[in-house]
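Undergrad: Sequence:
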Amino acid sequence: MEGGSSSKEALLLLVEELLKMGALCYERQHYKKARENFESALEIQRKYLDEDDLAVADTLNDIGNVLMWEGKLDEALEKLNTALPIRVKKLGNHRDTAQTSIMIGNILEVQGNYEKGEEMFRKGLDIKCEILPNDHDEVTEMYQSIALSLKKQGKFSEATKMLKVQLAKLLDMHGEYHRGVVLVYDGIAELLALQNRPDDALQMLDRGIEICNRLTPLGDPDTKKTLEVTLTSKADILLEQGNFEATTEVLNKLLGIKVETDPTLFQTYEQLATVYGRRGMIEDARKALKAAIDILRKGGGHDHPIAQRLARNLAQLDLEKMPRALNEQGLAMKAEGESEKAVQLFQQALDSYMEIAVANPSNIAEVYENLSAVKVEQGFLEDALVASSNGLKIRRRTLGDDHVDTKRRMEAHRSLLIRHLENRS
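full-length UniProt numbering puts the first residue of the sequence shown at 1, with every later residue one more than the last.
In short, the hints are calculated from the structure, not lab data. Treat each hint with caution, since some may be false.
[Claimed, not checked] Cβ-Cβ distance ranges computed for the label pairs, FRET-style:
1) GLU411 - ASP199: 14 to 22 Å
2) HIS174 - ASP199: 23 to 31 Å
3) MET173 - ASP303: 46 to 54 Å
4) HIS94 - LYS20: 21 to 29 Å
5) ARG279 - HIS94: 53 to 61 Å
6) MET173 - ALA23: 30 to 38 Å
7) GLY256 - ARG312: 25 to 33 Å
8) HIS174 - ALA315: 43 to 51 Å
9) ASN252 - MET173: 28 to 36 Å
10) GLY92 - ASN252: 49 to 57 Å
11) ASP294 - GLU249: 18 to 26 Å
12) ASP220 - LEU171: 19 to 27 Å
Ideal Cβ placement from N, Cα and C applies to all residues, glycine included.
Based on the sequences and whatever the hints tell you, model everything.
TA: This is the structure:
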């Protein structure tokens, strides 16, 4: 008996060493080796401990965590779902129980099972609300996790309410001048934009920007990063509204904040190139694209896949110089009252675009819209409707019905159709 007891003690000591080695490998991101150590420890534990022993649950949780980092989500879920009832039974409402619930929620979210993910997050929140102070950071963070889950389910109003609860707690804890408050403002603004309330969203983002500008020290990297997030959100909404001039201003502010080593710097240049292109500022668009390409190639070599994509976009801009120029000449002729010449130039622009393999759909739609406007001036409403319809189809196909440009063109097309029907009657 003594020999058996001694053997058990020796093996359980080995388990401790295996768990330590697993934790060390995990810290060093050697996930496969970490998992192998944890699995060896679990094999011994299951020989000498009860299946519902808390130590078994802890090791199952460790294995589930590593599997999650390895991307083996189904296996991770199996381990965590085995660990959770043991922790519930042995610990009740405890941080470790909440942790396992939240990990399960995270995996379910990644797998697209948002409702079940939300359910697990709420269980985690209930536990944390019971064992931690109401103003604890871990409690406030859970409201954000649930809000994100609700957003993914398309429940924007409920998600907004959840973030407002988090906001109220943060305001009580820190006051308004805190970067956490600004980040929640950003989250609420995104949800307001999704609920077709862009002006309210912009107002909230502007308040966040004002707070960031007043926070000290202004050189603090966390504050600068928060300001970057808020400015990026503002640029996205302004671009969606079709306010290209204001978008350009915000993106240039972003470039003034970001350092050369910022991994997202190329994205700002790329977005700026898009806006310049929409404004017809082709040379500025080329410069912005070239800056983005240079950044990517400096860090990832000439064959960087995103750099190659942007290089194709740059070549596309060069190809579209001719039809863009024809479109501009057509607008000039229209302004001078030379409608026949304008129609010819717009038609030439369309023909030129058709020769380009992958022309920018927005540019083609714009030419159709310009052609429609000239046809209206000439009194050819049926021709105007055909051109307007062609442009609208492109907008709907590429931007969707909810985009501001599509809505604007739908209203213009509707007015034109009513006018045509009235003339016929």
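Undergrad: Give a verdict on every hint.
TA: Here is what the structure says about each hint:
Under the hint 14 to 22 Å, the C-beta atoms of GLU411 and ASP199, about 18 Å apart, fit the expected range. The hinted range of 23 to 31 Å is satisfied by HIS174 and ASP199, whose Cβ atoms lie roughly 27 Å apart. Between MET173 and ASP303, the C-beta spacing of about 49 Å keeps the proposed range 46 to 54 Å intact. For the pair HIS94 and LYS20, the beta carbons lie near 23 Å from each other, so the given range of 21 to 29 Å is met.
Here the CB-CB span from ARG279 to HIS94 is close to 57 Å, well matched to the stated 53 to 61 Å. Take MET173 and ALA23: their Cβ atoms lie about 32 Å apart, and the range 30 to 38 Å holds. The hint said 25 to 33 Å for the Cβ distance between GLY256 and ARG312, and at roughly 29 Å that hint holds. At roughly 50 Å, the beta carbons of HIS174 and ALA315 sit within the given window of 43 to 51 Å.
A hinted range of 28 to 36 Å for the beta carbons of ASN252 and MET173 is consistent with their spacing of about 35 Å. Between GLY92 and ASN252 the beta carbons are some 55 Å apart, a value that agrees with the proposed interval 49 to 57 Å. For ASP294 and GLU249, the Cβ-Cβ distance of about 23 Å falls inside the hinted range of 18 to 26 Å, so the restraint holds. Between ASP220 and LEU171, the C-beta spacing of about 21 Å keeps the proposed range 19 to 27 Å intact.
Figure legend: structure checked against the earlier numbered hints; every hint is met.
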